[in-house]
Amino acid sequence: MPAQQYAVKVRHLNKSYVKNKPILTDVSFDIPAGKIVGLLGPNGCGKTTLIKILAGVIHDYDGKILVNGHEPGPETKATTAFLPDTTYLSERFRTIDAIDYFNDFFSDFDRNKALEFTDRFNLDRKQKIKTMSKGMQEKVQLLLIMSRQAELYLLDEPLGGVDPAARENILDVIMNNYAEKSTLLLSTHMVNDLQSSFNYVLMLGHGKVLVNTSIDNLTRNGKSLEDVFKEVIGNDWETNQE
Amino acid sequence: MTGKLIKNDLKADAAAIGDIYLAAAIGVGALLISTFLDISTWVKFALSVAVIVIAFIAVIMTFVQVIFGANKNLFGREGYLTQTLPVRTSSLIFSKWLTATIWVIISYALVIVAVVCVYYYWTVANDEGAKMYDMIYNFAQTMGVGAVEMYKKYLIVSAIVGLFNACIFVMDVLFAITIANIRPFSRLGNIGIVLYIAILLIGIQAASYGLADIADVTMLIDAKGAISMTVQQSAVDANTAAGGMNIGFTDVYFKAIVTVFIYIFTVQLNETKINLK
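Chains as they are written, first to last, in the working numbering: chain A, 696 to 937; chain B, 422 to 698.
Isolated chain A, as found in the complex (with noise of 0.2 Å):
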């Protein structure tokens, strides 16, 4: 397969915080352009260290990593959109503002889509983000996030400590607004809730890759996959099936 067809090719990734404590030991995956993947495994498995790594906040690794056939950098931030399992804007922006600040760096921001994104979770557009709660700054970071039209987009954990109302509104909002085309890579212990959204799978435990095939490859024997995901996870059974 040609490398433009992987939106991501990881080769020989290490990763540790502490020495002689791993996180991700020789990680090596690729991820087909065009799919809706999860990304699953217990915590602390580096789930969101990979993705941190994928995004170009985390520097500090060693091995090769491409998003869209580039080392992270200036042109794969041009190109992914990450969504971080934490709070990160400006407390001196109104939504407005990080609205405009968006506009002003993402060439594939859609300003227009933001704002009809803001009356649909009615925020206030003039509205200080310190002000909100946790739960409607993450509404502002989604609809920043899902309004543009990038060619990959990294979620962590987006329902996480989400009421499951709100859940299905999010999932919604994410599903039917992601560009065309484009790859999503979504880490979530949702398993059950996303089954049907996922069209890949990549789980990790232990630091390494356990299972990185599609969905469809996965549960062909019957299975969920939440069983796949407690018979891998429980029994550390490794696999990498194409």
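Among the hints, erroneous ones may be present.
As the list claims (entries may be wrong) - Below are the DSSO-like pairs computed for lysine-lysine, each with C-alpha atoms no more than 27 Å apart in a straight line:
id, chain 1, residue 1, chain 2, residue 2
1, A, Lys730, A, Lys876
2, B, Lys552, A, Lys704
3, A, Lys716, A, Lys925
4, B, Lys698, A, Lys903
5, B, Lys465, A, Lys825
6, A, Lys823, B, Lys698
7, A, Lys759, B, Lys698
8, B, Lys425, A, Lys821
9, A, Lys808, A, Lys876
10, B, Lys645, B, Lys425
11, B, Lys552, A, Lys825
12, A, Lys704, A, Lys759
13, B, Lys432, A, Lys829
14, B, Lys694, A, Lys716
15, B, Lys432, A, Lys823
16, B, Lys552, B, Lys465
17, B, Lys432, B, Lys493
18, A, Lys821, A, Lys808
19, B, Lys694, A, Lys903
20, A, Lys821, B, Lys432
Claimed, not checked - Between beta-carbon pairs, the in silico distance windows are:
id, chain 1, residue 1, chain 2, residue 2, range
21, A, Arg815, B, Ile460, 56 to 66 Å
22, B, Val615, A, Gly768, 24 to 34 Å
23, B, Ala446, A, Arg815, 37 to 47 Å
24, B, Leu458, A, Asp803, 52 to 62 Å
25, B, Gln626, A, Arg820, 46 to 56 Å
26, A, Asn871, B, Val615, 41 to 51 Å
27, A, Asp911, B, Val615, 52 to 62 Å
28, B, Val470, A, Val713, 32 to 42 Å
29, B, Tyr630, A, Pro769, 33 to 43 Å
30, B, Lys425, A, Ser919, 46 to 56 Å
31, A, His901, B, Arg604, 16 to 26 Å
32, B, Phe686, A, Thr914, 19 to 29 Å
By construction, these hints were calculated from the structure, which means they are not laboratory data.
Built from N, CA and C at the ideal position, the CB exists for glycine as well.
Starting from the known structure of chain A, arrange chain B on it as the hints suggest.
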């Protein structure tokens, strides 16, 4: 993109410390307006003290913003946005350096304006200052300590060196912040930032003095205001004896070279060693 970064960094700093500059401007305005009013000496005194205090608070707030604002924006939660912008790291650092330098210079300028205004308020506005200026000028001429041109040039060069030192200081701060976010130096947190800034400033200054002992580049401003450069101590002594003034330039050259390396090293560290928490 660099222009957009600079615009947004200036706005961010203005949002954080703009109020104190507004207060200073109001204070200075009130001071000048009150020269036309008949108010008690105590009120004048309180107003003068307030303007000076506000100016110094503005300097302190500016330094805090330069140090901790940049740290939060690059390596704190806001870093998740800043570090994912499609811009080169060199542009990010340059923007932070330029905007912080501008604010540091503005803060210095504010103190100068505040002092000059208070001086004007108590002297020139009452004709006493004009008399004092004439007295100092006549005294200087009588003593033969040099022409006004020499003092003008001395002040201009000193101001330029002062601005240059502000640029150096800000780059040292950015380097220290970067170091404070890299293991194992990150263990000290915010205390580490202050500590690394102090170590860096003292280290560079000490190295400058050491270098000046080996080759002391000096700017000579003679009594008529003519400027020349020398590395010979005899020329410096002769200029001093003739009533001229001297400004050491070894540290300026040394710091300029060191700062270029610090900038390159800061960018390099940001591109290879930073992990956002």
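Hint check results:
{"no.": "1", "hint": "A:Lys730 with A:Lys876", "verdict": "holds, 8 Å"}
{"no.": "2", "hint": "B:Lys552 with A:Lys704", "verdict": "violated, 78 Å"}
{"no.": "3", "hint": "A:Lys716 with A:Lys925", "verdict": "holds, 24 Å"}
{"no.": "4", "hint": "B:Lys698 with A:Lys903", "verdict": "holds, 21 Å"}
{"no.": "5", "hint": "B:Lys465 with A:Lys825", "verdict": "violated, 40 Å"}
{"no.": "6", "hint": "A:Lys823 with B:Lys698", "verdict": "holds, 25 Å"}
{"no.": "7", "hint": "A:Lys759 with B:Lys698", "verdict": "holds, 21 Å"}
{"no.": "8", "hint": "B:Lys425 with A:Lys821", "verdict": "holds, 22 Å"}
{"no.": "9", "hint": "A:Lys808 with A:Lys876", "verdict": "holds, 19 Å"}
{"no.": "10", "hint": "B:Lys645 with B:Lys425", "verdict": "violated, 46 Å"}
{"no.": "11", "hint": "B:Lys552 with A:Lys825", "verdict": "violated, 55 Å"}
{"no.": "12", "hint": "A:Lys704 with A:Lys759", "verdict": "holds, 8 Å"}
{"no.": "13", "hint": "B:Lys432 with A:Lys829", "verdict": "holds, 24 Å"}
{"no.": "14", "hint": "B:Lys694 with A:Lys716", "verdict": "holds, 18 Å"}
{"no.": "15", "hint": "B:Lys432 with A:Lys823", "verdict": "holds, 15 Å"}
{"no.": "16", "hint": "B:Lys552 with B:Lys465", "verdict": "holds, 21 Å"}
{"no.": "17", "hint": "B:Lys432 with B:Lys493", "verdict": "holds, 15 Å"}
{"no.": "18", "hint": "A:Lys821 with A:Lys808", "verdict": "holds, 17 Å"}
{"no.": "19", "hint": "B:Lys694 with A:Lys903", "verdict": "holds, 23 Å"}
{"no.": "20", "hint": "A:Lys821 with B:Lys432", "verdict": "holds, 17 Å"}
{"no.": "21", "hint": "A:Arg815 with B:Ile460: 56 to 66 Å", "verdict": "holds, 58 Å"}
{"no.": "22", "hint": "B:Val615 with A:Gly768: 24 to 34 Å", "verdict": "holds, 32 Å"}
{"no.": "23", "hint": "B:Ala446 with A:Arg815: 37 to 47 Å", "verdict": "holds, 42 Å"}
{"no.": "24", "hint": "B:Leu458 with A:Asp803: 52 to 62 Å", "verdict": "holds, 59 Å"}
{"no.": "25", "hint": "B:Gln626 with A:Arg820: 46 to 56 Å", "verdict": "holds, 50 Å"}
{"no.": "26", "hint": "A:Asn871 with B:Val615: 41 to 51 Å", "verdict": "holds, 49 Å"}
{"no.": "27", "hint": "A:Asp911 with B:Val615: 52 to 62 Å", "verdict": "holds, 57 Å"}
{"no.": "28", "hint": "B:Val470 with A:Val713: 32 to 42 Å", "verdict": "violated, 53 Å"}
{"no.": "29", "hint": "B:Tyr630 with A:Pro769: 33 to 43 Å", "verdict": "holds, 41 Å"}
{"no.": "30", "hint": "B:Lys425 with A:Ser919: 46 to 56 Å", "verdict": "holds, 47 Å"}
{"no.": "31", "hint": "A:His901 with B:Arg604: 16 to 26 Å", "verdict": "holds, 23 Å"}
{"no.": "32", "hint": "B:Phe686 with A:Thr914: 19 to 29 Å", "verdict": "violated, 51 Å"}
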